[in-house]
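Novice: Each protein sequence line maps, in turn, to chains A and B.
So the first sequence is numbered by the numbering used here: it starts at 178 and just counts up by one.
So the second sequence is numbered by the numbering used here: it starts at 446 and just counts up by one.
The hints are simulated quantities; they were obtained by calculation from the structure and are not laboratory data.
Because the structure is a prediction, the values reported are computed rather than measured.
Some hints could be false.
Pairwise CB distance ranges (calculated) [unchecked claim]:
no.	chain 1	residue 1	chain 2	residue 2	range
1	B	ILE541	A	LEU417	30 to 38 Å
2	B	ALA512	A	ALA775	36 to 44 Å
3	A	PHE704	B	LEU463	49 to 57 Å
4	B	TRP678	A	PRO680	25 to 33 Å
5	A	PHE694	B	THR561	49 to 57 Å
6	A	GLY284	B	GLU568	35 to 43 Å
Chain B residues, not near chain A, derived (Cβ > 12 Å throughout) [to be verified]:
no.	residue
7	LEU463
8	ARG604
9	VAL668
10	ASN673
Subject to a maximum C-alpha distance of 30 Å in a straight line, what follows is the list of computed DSS-like cross-link-like pairs (lysine-lysine) [unchecked claim]:
no.	chain 1	residue 1	chain 2	residue 2
11	A	LYS509	A	LYS748
12	A	LYS1022	A	LYS867
13	A	LYS867	A	LYS509
14	A	LYS748	A	LYS867
15	A	LYS709	A	LYS648
16	A	LYS816	B	LYS613
17	A	LYS816	A	LYS963
18	B	LYS576	B	LYS613
19	A	LYS648	B	LYS508
20	B	LYS508	A	LYS509
21	B	LYS613	B	LYS666
22	A	LYS816	B	LYS576
Glycine included, every Cβ here is placed at the ideal spot set by N, Cα and C.
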Amino acid sequence: MTTDPREPTATPDDQPAADGGTAPAADGGTEARAAGATAEVPLPVGREETGHEHALPPQSAIRRWFVTTNHKDIGILYIVTSLFFLVFGGTLALLFRIQLWSPVQAGQTGFLSAFAYNQAVSIHGLVMVFWFLSPFAFGFANYVVPLQLGAKDLAFPRLNAISYWFYLASGILLGVSFFQGGSFAGGWTMYAPLNIPTFMPNIGGTTAVLALALFVISVTVSSVNFLTTMHRMRAEGLTLRRLPLFSASILLTVWMMLFAFASLLAALFILTADRVLGTTYFASGSPGGSILWTHLFWFFGHPEVYIVFFPALGAMAEIFQTFTGRRLVGRKWFMLAMLLVALQSFVVWMHHMFLTTINLQIKTLFMATTIGISLPFDLMVFALIYTMIKGDNRFTTPFLFAFGALLLFIIGGITGVFLGAVVLDYEFRGTYWVVAHFHYVMVGGVTGLVGALYYWYPKITGRMYDEFLGKLHFAVYFVGFNLLYFPLFVIWENPRRVFDYSPAFQPWQQLATVGAFILGLSFLIMFYNLGKSLWTGAEAGSSPWEYATTAEWAVDSPPPLENFPGIASYKDGFLSFLAPAGEVQPMAADGGAVGMKADARLEPGYDDVHASHASVWPFVVAMGVLFAFLGLGSIHSGKLPTGVGGAVYLGLGALGVLIGGTGLVFMGLEPFHAPEVPIAERWPFEGITKMKTGVWIFLASDIVLFGAFIGAYIFMRFDFGWTIWHHDLIPPQHVVLPGLINTYLLLTSSFTVVLALVAAERRSRAGVVASLVTTLFLGVGFLINKAIEWHHLFDIRTTAYPAGWAFSTNAASSTFYLTTGLHAIHVFVGLLITSYLIFRAWGGKYLGEADGNSIEYFGLYWHFVDIVWLFLFPLFYIL
Amino acid sequence: MSLVIWPNLLVPLQGGSLIPTGSRVHIFQSIYLVFLLLGTAVGIVVISYMLYNGYTYRTGSEKSERADVDRPQLGEIPTGGGGGRHLALSFSLSTIIVVSLIIWTYGTLLYVSNPTAAQSAGELHVTVVGKQFAWEFHYPNGYVADSSNGDPFRVPVNRRVQLTVTSKDVFHDFGIPSLRVKSDAMPGQTTSQWFLATQTGTHIARCYELCGAGHSYMTAKVVVMPQNAFDSWYATTGNNTTTATPSAA
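Pulled out of the complex, with its shape left as it was, chain A reads as follows (with noise of 0.2 Å):
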């Protein structure tokens, strides 16, 4: 990448990470004064950047990526990444539609195997809508939305840093998968109880499992970080009815994650455990094992196709307002319909459970549901059309691509219907109706997301894209897209994942072959435009596209490092950058109405704690994470891997802990500092802190997580039957002692930990460390006596037990030891935090009303930690 003359060239301040974050701050407030009037602020429009850049190297230097912890940055890396796992899952795709191209009958030997067919079905479902839609969508998330929300940045830079680095993490840990005895192929449902060792044995099934897993806790952490900014760090003005709609759709994809992946993740858990501890919950035999599965997976599964497409729904908003020079019509419908929906998503998931044992009751009040939901996206289309008439309609690159994904979402839509009149649906379970129906929606959104790219590159890049070369692609996309998927509908009745079909079907199969690879080819006439006007492309002012409105494209193209050269807001109606009376600057002509302004409510020198943007740590923990879970798939059903490859995988795995902990203590350690904005929209959350803002949120995470384990439990036991599964299932020594110590441990940890606060509020250091340290005990003790208890229980022996209570015993047995243990889990990991607090409060730190609340933070922790316990207990315990 040759030098961007806006990036500053490399000054003696530019120091490593260590000393990024105590930079001197003063200092590079009164230069900027005393320099006059260009140094400091960065102003909008092709100004070159001079003064410091806070440690970052420029993005020139391959260090830059590994540090930074900008908003654009990782938007890039996101955008970039996920784009690599698009050709991932779209080179599976062509292999098996290779395969497709003649029917393999019994006997014959089709160009992969069956394993390895499987195994390219599963994984490219897999990809695609995990490693490659929703990153590509946050990757312009990232960039985006900050800018239109007018804020510098998100709210936890590091956090996002680290969500990026998981994500590239788990990716990896996919990939690895293929070379550890096949990965998994189960479908990218991943349904039980194919997905577990009896019936697919293969350490690369395990490490599948856990990339996905790590793909959730990047999400989870993400959506907190999104969370936490998009309620806290809007410009004044910008309340939560006026946001743009990309921004909008965002909120609602992000709260929507929240909770559908928290019931992903506790799945993975389970199933994890049942591959890793060999516990046996989706077991043949296990009671309600298998439907448990669809409940789990598909409480996600539904709300996960809207979170796919909802960014794609927002991006076609704004790049249908810009190219049609209209205001979206029927905004406020447009954006309850966006409501509707996302709360809808969580009450439908039993569509796709259509033809398993659920009632007829049941059956009926999730067709009712199923078609509700569809009832706001036929609002969505037509506000879409109707914005259309008496537009100044441009069809340029971003509008053809948003234009053509609106026409084929429509097509995807209507056979959507379909599907939801039950008995429809018994006819098109398992049939490739389902497949062509989900590939015109969901790769309808991939059409619209493809258009926010043509349509933000000149904001990310500086540079236009090729208009020919766009338009070139997009008639050769559309055309291979219908080629490959409308014939699917036609031979609807071919079963799914399979490659033996019926003759009769043969020319529409190849037709949709040749499709494929149309279809394909087209993304690299997109790779080649998009990677030659880098370096030959148009420069691009900070407006290319007339009627654009909102804030990204008021700044310079590329953004500057901190975004806006004032605070953002719209108090005013529109769009104004506030500063400090006697530092307002005149911008330059580009941005029209948009100016800097006066005003009085902030003090010269108020933004004198400069914001950090460099870190290694992010990459450190998740490549100890990477680690540590490669070492965690080489166990077996309870067993630790043997010989030299075994040693080599605990290593690793020991390595990766040891990596990854370190990481976070020195992480902790940093000074690093992403300041709160002095003027913003903050409700619902005024007056509460962010880092308490984002606590919150992810406690309600955390919620669902649990809320999903209980479940789990009662739906097993409900199964087996409530009350006979004590007497069945549950040796006598199993009594209710131990639990009730601990029950009385955990709640006086609590009590020490309200000490602790109120030690730190007195500034008694000795009062804090005192009171930790309490705690640590306690919550060790608690461990301790939990450890005595099982240890009790595994060496049982007696008739009815055999080989002991242990985790592959019985339904009763396994979610016994994995829901405890889960809690067990998190008492462990509050015990290191506390560890790590006895060890600041020992150097004086958190003493104070303000400096105590990294203390109240893992308060709320930990009192959520007794809570849970106080449900664990009766149910496991007592009922």
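Given chain A's structure and the hints, the job is docking chain B onto it.
Specialist: Relative to the frame of chain A, chain B by itself:
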């Protein structure tokens, strides 16, 4: 509320033409055809309207130039373009179409799920057990046909067959596409579906849920026989009683 009233209005019409009755093939075909025609019509209308608007108001066209509309400005606070009334009309229309379709198919669902005593009289009950990678058919007299041995699934023509479907190992799905019947086969659970073959002939049953490497070949032959032929054959199986009972609870 309306969901309770409307189907009850439809019930008396079950004997008539509104709710399709008879074999699963006829039921499916009737509904599918209506949905297909209506869906295609709606799709063509909406997409044509979309293309029309896009083209008519393309930049530089006369209508576009004449349009007296306030265009968006950079930096304006996001607002809407009005026009909520047209939206209400299209939305109501699409709602009526979609909801009517679903209420109609709900009537069909009731017919399929709640057979009268007359309809279920004389049914043949067969338990289908899926396993990797074959199907077992357990008849009332204890005889078990196993597709891994090449045994076909023999059924009588013009007589309802009531299936109880389950699995011995993983999650399968039993479907006979040309007879339009399908049901999930889950270990530890049983699902039920019925079908009625109106003509003699041969069909294929397949598996519709990915179940492992042999999923593509998990098929069984289905032979629909004339009533007498079926009865005579069935009588001969009395000697082949196996003690195998279905593994389903």
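Novice: Measure nothing beyond the straight line between the CA atoms of A/LYS816 and B/LYS576; if it is 30 Å or shorter, mark the hint as holding.
Specialist: holds (28 Å)
Novice: Would you mind confirming whether the straight-line C-alpha gap from B/LYS508 to A/LYS509 stays at or under 30 Å?
Specialist: holds (27 Å)
Novice: Between A/LYS748 and A/LYS867, is the straight-line Cα distance small enough, at 30 Å or below?
Specialist: Status holds; Cα separation ~23 Å.
Novice: Decide, holds or violated, for the assertion that all CB atoms of chain A are farther than 12 Å from the CB of B/ASN673.
Specialist: Holds, since 31 Å exceeds 12 Å.
Novice: Minimum C-beta separation from B/ARG604 to chain A exceeding 12 Å: can you confirm that?
Specialist: Given a closest Cβ separation of 21 Å, the condition holds.
Novice: Take the C-alpha atoms of A/LYS867 and A/LYS509, compute the straight-line distance between them, and say whether it is at most 30 Å.
Specialist: holds (29 Å)
Novice: Does A/LYS816 pair with B/LYS613 here, judged by a C-alpha cut-off of 30 Å?
Specialist: holds (26 Å)
Novice: Sort out whether A/LYS748 lies within 30 Å of A/LYS509, counting only the CA atoms.
Specialist: Holds, at roughly 20 Å.
Novice: Quick one, are A/LYS816 and A/LYS963 close enough, alpha carbons at most 30 Å?
Specialist: holds (22 Å)
Novice: Taken at face value, is the distance from the CA of A/LYS867 to the CA of A/LYS1022 at most 30 Å?
Specialist: holds (20 Å)
Novice: Does the hinted range 36 to 44 Å hold for B/ALA512 and A/ALA775 at CB?
Specialist: holds (39 Å)
Novice: Please check whether A/PHE704 and B/LEU463 have a Cβ separation lying inside 49 to 57 Å.
Specialist: 55 Å Cβ-Cβ, so the 49 to 57 Å window holds.
In summary, the structure agrees with every hint in the numbered list given earlier.
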